[in-house]
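If you read the sequences in order, they're chains W and G.
For the first sequence, the numbering used here assigns the number 329 to the initial residue and increments by one for each residue that follows.
For the second sequence, the numbering used here assigns the number 11 to the initial residue and increments by one for each residue that follows.
Keep in mind that the hints are not guaranteed to be accurate.
[As the list claims (entries may be wrong)] Heads up, simulated DMTMM-like pairs for lysine to aspartate or glutamate below, C-alpha to C-alpha not over 20 angstroms straight-line:
(1) G:Lys282 - G:Glu365
(2) W:Lys481 - G:Glu281
(3) W:Lys481 - G:Glu250
Don't read these hints as lab results, they were simulated from the structure.
Computed from a predicted model, the values in this text were never measured in an experiment.
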Amino acid sequence: MSILTLELLRRLSETPGGPGDEAAVRDIIARAVHPRVDELSIDNMGNLIAIKRGSGASSRQIVLAAHMDEVAFMITKIDDDGLLHVAASGGINRRTVLGKPVQVGPDRLPGVISLRPPHLVDDPEEYRRPPKLRDLVIDIGAKDGDEAKSKVKRGQYAVFRTPFRFLAPGEAPDPNALLPRAGRISGKAFDDRLGCAALIELLSGEPFPFDLVGVFTVQEEIGLRGALAAGSRLKPDVALILEGTLCPDLPGRWGQEQTPPTTRLGHGPAITTTDRSHITPPWLLQHILRTAEANGIPHQFKHPNVGGTDAAGFARYWGTPAAIISTPARYIHSPIAVADLADFWHGVDLVKATLQTLEQVSL
Amino acid sequence: MEIKPILQQLTQARGPSGGEGEAAKLVARLMQPLCQEVSIDAVGNVIGLKPGSGPEPRPRVMLMAHLDEIHLTVSAIDGAFLRFVENGYDPRTLVGAQVTVLGKKPLPGVIGDLPPHLMTDEDRKRMPELEEMVIDLGLTAGQVAELVRVGDQVVLDGPFQELLGDRVASKALDDRLLVTTMLAALDALQRVEHPCDVIAVASVQEEFSGLGARTATWGQRPDLAIALDVTFARQPGAPEENTFPLGGGPAIAMGPNLHPRITQTLLDLAEKLEIPHEVDVQPSRTGTDAWGIQVTAGGAPTGLVSIPIRNMHTAVEVADLKDVTRTVRLLTAFLAQADAAFLDHLTYRLPDFQEAAP
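Please work from the sequences and hints to get the whole structure.
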């Protein structure tokens, strides 16, 4: 039975969870899946592992994974004026950060990323260059360094403060009703809270023939760290990675041809053949594609050789066959993303159908 | 234990990444009287075990400092001269340097430069590129062909110099300074009760691939680990936010590569014992053995303690030995409290499902 609501998705999106600081997100997920799974634990890295025992018909163990962390800033210095200096934890798109609201530290203190008013910019080059991270400061309104230091500590995280929204068409649905199957949403951290939401949904349904191990991983954004740790301990037969992925399906510069986008919004879940760090085993890819076709589930290929995911982390130690099914999300690694709920649900359907027939495939 | 003579021996031993043998033998010999067993694993890590006094099963705490040093590799034999590639050295420091080529036997050599008299105006304005440099062994082409082959490793000669006060200069303070610190901590533990088993590892290939950290973690399965490395001391031109005062105490690293409660415990102990220290904010890859340890064999909770040095990755690295003594005190205090309850304290907890969500 489904438990996904717009409200749960809103909380997943809005909650801060920089790499290494996933506890708040993890708690929301743990509470959501707790009544629906047989075992729940947290490993040495902070990965949340949820086991749904199978019907007993299969001795296989299948991992589904989604990462909890999002790109974030870390406070490196608090200056005498009370401004916070930052470094990046994960690949933040620097072009999108100027003038954005953020939340700082465990108390989620409001702040803004400051910039000089245009009147005071004398070097025209400054408009053409993305800001360097070391030139950025966060203003929490502190009157001086002492006040700032009483509220914020070096090493704390800051993430964007972006309200989750249901976009057109029509009225926003009841947030506590089940998540609608159509409509578009905007918010932060869709990479990869959409994957987390899909995994919550998949763990909440009927058991599969095999043991399903849901791994909500940490630190994907700084190098697949949680997946490496979990993958070195678990030795699953197959791992499917649920992602929110790049979707630059935008018009190019006026009058110019656009390069083919990595994925397109509203064209179904994206299936990865190869990315920068992983090649999907052909037989597993075939199985997913046949499943999609047999069930009439819309789907698309993610443009090859773009991005990297936890699939490589799970494959690293034991050669676990791994594949990636993603919900396209525009503008990821920035303060805001846009996704299509139909893509999301078709992704959930595709993973479910893939798992249901996985028994027929010899590994 | 007297720090200086040990550090002198260790820094002067040759141990390029993958060719740590000479340094490894020396460390094993120095570890022997301080540990119950010392072994060298398949990749060359030197591993010492000092059992603790707590009830079994005792927590297994791994300390790790890397044995290897940055180096050059011979890429071609060009008559009487050697062409080379670098693995870590700042190429600007190579011209005018004295080196040892680890050929059939250790061979002294130099990397020279054109005399200024013969340079064009253009040449005077730029640093030579690696492709223009050669190692001169003072031998004939025939002798060179006999004694050296492509792939031979080269280390820079950087003598151990006692500077003013407690400061020293040498090659390979990165990371023999912390290997020395680790040995001094083992020595201090002879007189301090510690509940946990201490596994001291001098690791190989940190400067190359981090191989030693991963294999030692697979082999030893520590319950937690502290990586020990050098970090950047403040010096002209270096940014303030990720450098630390030389002689200002160890830098305790904080960030996703480290377990937050190990970091906090180290900070609390430093406060309590009034050990001067710095906080090293690391938003991502730390560039140390901690990176490999943390995710290997299911993942080990990891901490990182560093000592600031100047001129890192040159043959004249500078350190203040006061920082070694302070780091030894910090590590000893940490190990003395690392019992089963502390391990439990490191375990991540699920929320209390009886309570309403916040």
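Hint by hint, here is what the structure shows:
no., hint, verdict
1, G:Lys282 - G:Glu365, "violated (35 angstroms)"
2, W:Lys481 - G:Glu281, "holds (16 angstroms)"
3, W:Lys481 - G:Glu250, "holds (17 angstroms)"
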